[in-house]
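Residue numbers (this note's numbering), protein chains in the order written: chain A, 1 to 261; chain B, 262 to 395.
These are calculated hints, taken from the structure and not from any lab test.
C-beta atoms are modelled at their ideal positions from N, C-alpha and C, and glycine is treated no differently.
A couple of the hints might just be wrong.
Said to hold, decoys possible - To give a feel for the contact side, a few chain B residues facing chain A, derived at Cβ under 7 Å: (1) Leu275; (2) Trp330; (3) Ala333; (4) Leu337; (5) Asp367; (6) Leu371; (7) Leu374; (8) Leu375.
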Amino acid sequence: MAVRRNNRWVWVISLVVVAIVVSRLPIASKIPLIMAPAIETLRTPVGWWQSFSLWFQNSESLQEAYLEAQKQVQRQASLIQETNSLRSENRQLRALLNVAAIPGYRWHAAKVHGRSPDAMSQYLIVQTTGASTDDVIVSSKGLVGVVDSVSGDNVTVRTILDASIAVPVTAPGTALAALLRGQGNSIEVDFVPTEHAPDVGTILYTSGSGGMFPPGIAAARIVSVEPMPGEIFSRVQAEPVAHWQRDNWLAIASSTRTGPK
Amino acid sequence: MIATWVLLLSLGGLALNMAFSQSMVQPDWTLSLLLAVLLAHRSSWAWVLPATGFHDLVFYWNIWGSLPWLIAIPLLLPQLDERLGPGLPQRFVLMLFCSLSLLLQDWSVLAWLLTLALCIPVWFNLANHYARSA
């Protein structure tokens, strides 16, 4: 009996040691990728069902959807025209002001395959091609996170809620140079001087410092500002602008520059 | 045989949780199955605990999600059974204790309740199965 009990302790302790070693290795974030084919298989019938359900929609609602899609295409065509003219105007202004060009990023789409099951989904599994570690993930609303590991066409993404990510940010029209740090459920904004603290509701944008994140992407919305007595910096809390818990498609920005980021 | 089925179903549960985590409220399928096995047959910890470690690595990228809580069962249950006699009360307390790890990992209360709701019938069925085969 005593021998069995000792065996149990030895087994439990060795299991804990092995588990700690595995979780410390850089492969820990690659383990969820093992599940990617199974997740894809589970999601496939949902896609089939969505396609199949179109057969049961009546022609009137399909016609309405078609007309709405046509309107959207027209709106987007005019937006593209406007964007092109703004782009050429921007190029001319940059040439006039002699401003250095913003380093280039190659944008491509990524489909969300899986999310960690916690309420805020701190980690994502997305499918894309040509992504590499530290590429930046963006949704239609704002910054999502960075690519952590790549295995074939599947990548794991650490969102900006993860404590290991720090994002240099600024507020438009100010000289603020702050840093976003994930706290699991929320985001803390470091280095916000009490005298120049932005108001609650202000949206912070990536500043581009450090070269990892492209500048000008909406990253977080300030939810509370608490001046700390006797300290230079205020305690500022924020929430992500992007809603990656719902989005099925995201964009990946791969830096086209070579060398270390 | 039970181990193979439970591990296969647990893998399916992991995939299900990750594929539809935000589209519907789900129990932690894997944790409820593993917890049920552990409560039904405490000697199964030798394969249940590594499976729990894998569950934690997939969901949380570390091993501090549910594994440290489930380790309490093989360590405490034999001693509790020895002192109190084999019975349900200590198992219920340990089940509640282990399932609390979900709330600490930011799962919703509804998901936690669903996990318990799945765990209890699986536990009783497995306990019956083990009793018949003993």
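Do the hints match the structure? See the list:
1. Because the smallest distance between the Cβ of B/Leu275 and any Cβ of chain A comes to about 6 Å, under 7 Å, the interface hint for this residue holds.
2. Residue-level restraint check for B/Trp330 is violated (minimum Cβ-Cβ distance to chain A is 13 Å; threshold 7 Å).
3. About 10 Å separates the beta-carbon of B/Ala333 from the nearest beta-carbon of chain A, more than 7 Å, and the hint is not met.
4. A hinted interface residue such as B/Leu337 counts as satisfied when its beta carbon comes closer than 7 Å to some beta carbon of chain A; here the least separation is about 12 Å, so the hint is violated.
5. A least Cβ separation of about 4 Å between B/Asp367 and chain A falls short of the 7 Å threshold, and the interface hint therefore holds.
6. Nearest Cβ of chain A to the Cβ of B/Leu371: about 11 Å, over the 7 Å cut. The hint is violated.
7. With 7 Å as the threshold, the beta carbon of B/Leu374 stays out of range of chain A, its nearest partner Cβ sitting at about 15 Å, so the hint is violated.
8. For B/Leu375, the interface hint is violated, since its Cβ never comes within 7 Å of a Cβ in chain A; the closest pair sits about 12 Å apart.
Figure legend: structure checked against the earlier numbered hints; hints not met, in rising order: 2, 3, 4, 6, 7 and 8.
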